[in-house]
Each structure stands twice: as structure tokens, then as C-alpha cells.
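Enquirer: Take 840 as the starting number for the sequence shown in our numbering and just add one per residue.
Among the clues, some could well be false.
Quick list of in silico lysine to any residue cross-link-like pairs, SDA-like style, CA-CA up to 20 Å [claimed, not checked]:
1. Lys-1018 - Ser-914
2. Lys-1213 - Val-1224
3. Lys-1101 - Thr-1114
Label-pair ranges, simulated between beta-carbon atoms [unchecked claim]:
4. Asp-1096 - Arg-910: 21 to 29 Å
5. Asp-1170 - Ser-1232: 29 to 37 Å
6. Gly-965 - Leu-1030: 34 to 42 Å
7. Asp-1024 - Asp-841: 31 to 39 Å
8. Val-1224 - Asn-1028: 52 to 60 Å
The set of hints was computed from the structure by calculation and includes no laboratory data.
Glycine included, every Cβ here is placed at the ideal spot set by N, Cα and C.
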Amino acid sequence: MDIRKTYLDYFTKNGHLQMPSASLIPAGDPSVLLTTAGMQQFKPYYLGVEKPPKNRIVTVQKCFRTSDIDRVGYSDQHLTFFEMLGNFAFADYFKREAINFATDFILNILKIPIEKLSVGVFAGEGEIPEDKEATQLWVKHGIPEGRIYKFGKSENFWGPAGDTGPCGPCTEIYYDFGKEYGCGDKNCNPLCECDRFLEIWNLVFTQYNFTGKSYEELPNKNIDTGMGLERIEAVLERNPSVFKTILFKNITGKIEDISGKKLTTKKDKNFSLETNKCIKIIADHSRAVNFLISDGVVPSNEGRGYILRRIIRRAIRFGRLLDINDYFLNDIAEVVIQNYCLNYPELKEKREMASRIINDEEKRFSNTLKEGTKILSQKIEELQVLGAKYLDSEIACRLYETFGFPIEL
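Could you build the full structure based on these sequences and the hints that come with them?
Expert: This is how it looks when you write it as C-alpha cells:
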């Protein structure tokens, strides 16, 4: 199934205007470094300062979340770069219709059994009341109250995408992979860190504007939804790891070819948590690097340029842990471009520039690693003469601060 096309077709048939993905560099929004959600390009519509081309819109949006950089590799579900499927309504439909669309698409188009679904709703917090209406709507659609979880702001209140802006209570839809993927705790629920539950869709009922001090009712009630393409693909393939899906198969396969190491599961005899972590980090960051560069981000020591440089270097250093000592990111970039150029032609258009940037960064960081390794070896020899067994943390920190030498290495 082509999930992108299926999603866009469904919502255009239901009166939504299809619009292209915005750049990863937000236009006219200094509150954020990068586009983190589908709704960002529509903030003026939510605030009522501009009129949308249509009151119903659907997109597949390129997103990058810096908050997940350090989670990638340690989780099977988190990514820095991902594609967000989103349907939006501006002073048009609200909770009832949004939940109707979501259940119809999941149950009747994707054919996901309702028994596999759980949902979270806003429990109320501070000045904002509990979302009882959402609970009633889910019960009406066949979700029993035992699978409706009530959470606070940290889980079921979205936004703003920045310091101020549109926001509101949300309801999240979770897929249950089954007890065999769980932690064994009888109280295991969608917030558990195990692999049993996966959030697949977030429906945000955008009805407030956060000014930085208080929540003000927006003049119109709006809808903002987001479903991760990679996660819904994992669900359809009945695989809790997004890295084991068809979306990553060619990318992780290339990393395996270069490194001679395999991405494994816990059931495999040669399972290696460390190897898996490295492969997942390189796969995620390789995608992100090429999409960032194709949208005009260049490496630097500040802002979004620093984020790009950071993930390039992070991919390189985890490559070293897989014993990849040659330049390799451009080899993986070729696979990324082949996978995505039909939907994102800018990747192919900017390929030459991206190749040059990646090569320069690999060269620069390789020199850093050589210099740092030389100094590290000297320090280790000195410590061995003294009979010391451990490297002083001050030395490790100085190597990192002066040369950028990664502590992991």
C-alpha cells in the first residue's frame, strides 16, 4: 500500500485541499529552528491573521525534531526526520468529525482491527478542563472505557510549536502490538517504555492561543492532526521497529554492506544491542542530513547549521564504532535519494551540493578524530606507566571541548 497516496486520496475525497510539504526551514517563524509539525506552515490560519485557501487542507509534511536526537538508536520508534501525514480544518469541523475521519481511515481503509486500538484523552490540568467530549466520542466508536486513558498536559495537550501560538487538548491513538512485546507489568499502558504500544495518530483540538502567560480562546475552533508515516508503516507490517520496515530496508541494508554488521532482533543468536543502536543512528541521521541540505541548511556552529553538523558527526562517530573508518555517508546518501526522489525531487536536484558538503564535513571531522586519538593514546600511555586503570574524566572532557573528540569513542 502506498500510504502517502492513500491518505491524500482519502482526505481530498472528503473535501480537503492537498498542499505540498513546507520546507524544513520555517518561513517567517523565528520561534523555531526547524519544521517540527504539519501545522507550522498554517499558524497564521489558526491565529486568524490570514485566510486559508480552503478551510480543509491535507498534507504530507517533512519534519525534524531536535528533541529526539539523543533518543534515536535507543528506541525502535523515534526518529529525528520523519514524514507527518496531516489533515487540518480551520473554523470548519471539530472533534466529532475529526474522530470520525480517523476511525474510518484506520478501520475501513487501513483495515486495522479496532481491538488493537487504545486512545489517550486530556484529563484536565490547571485552568483547562477535562476533555469529556472526546471520551464520549471514542466510546461511541467502539473503544471501551478500559482502553481510554486519561493523561495530563505532558501527554495530551499539544503545542504551541514554539514559545507562543495555537495549541489545545489532544487525543492520541495507540496501536497495541500485544503482550508478547510488553514488559509483563499488569499495569502496562501506552506510556510504558516497552515496545507494546505505539502512538500512531495525534488529533489536536486547536482552540487556544498561548500568549506566553495565559491561554486565550481562539476566535475559531480548529483541527490539527499528525500521523507518522514510518510508524503507520510499522503497524501495517506488524513490526514494532520502524527500522525494520520497507521504508528503511535499503538504507539499513547499505549500512550492513559497508560495515559487515547486521541489524538483528532479540530473537537472533547474534543479537547485539550496541550494533543495532549504531545502525539505527546512522540510518536515521543519513536521511535527515540529506533532507536538511536539500532544503538549504548548511553546517555551521550555531542554529540549524549546528544541528546539521551535529548529526553528521554523530553518524560518523557511530560508524567508527562499527569499524567503518573510511568516508561512507555519501554512499548511504545515494540510497536515500533513490528511495525518496520521486516524492521529493529536491533531493536529486541538490545532490551535487549535498555530496560536497557531506564530504567536507567527513574530512574535517576525520582530522579531528585523528588528532584527538593521538592525544588520547599519549594520555593512556602516561596513565599505564603510573599504573592507573581509568581515564580521568577531566581529560575526556578536555578532548571533547578542545577537539570535539566524542566521549563515546
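Enquirer: Which of the numbered hints are not met once you compare them with the structure shown?
Expert: 6
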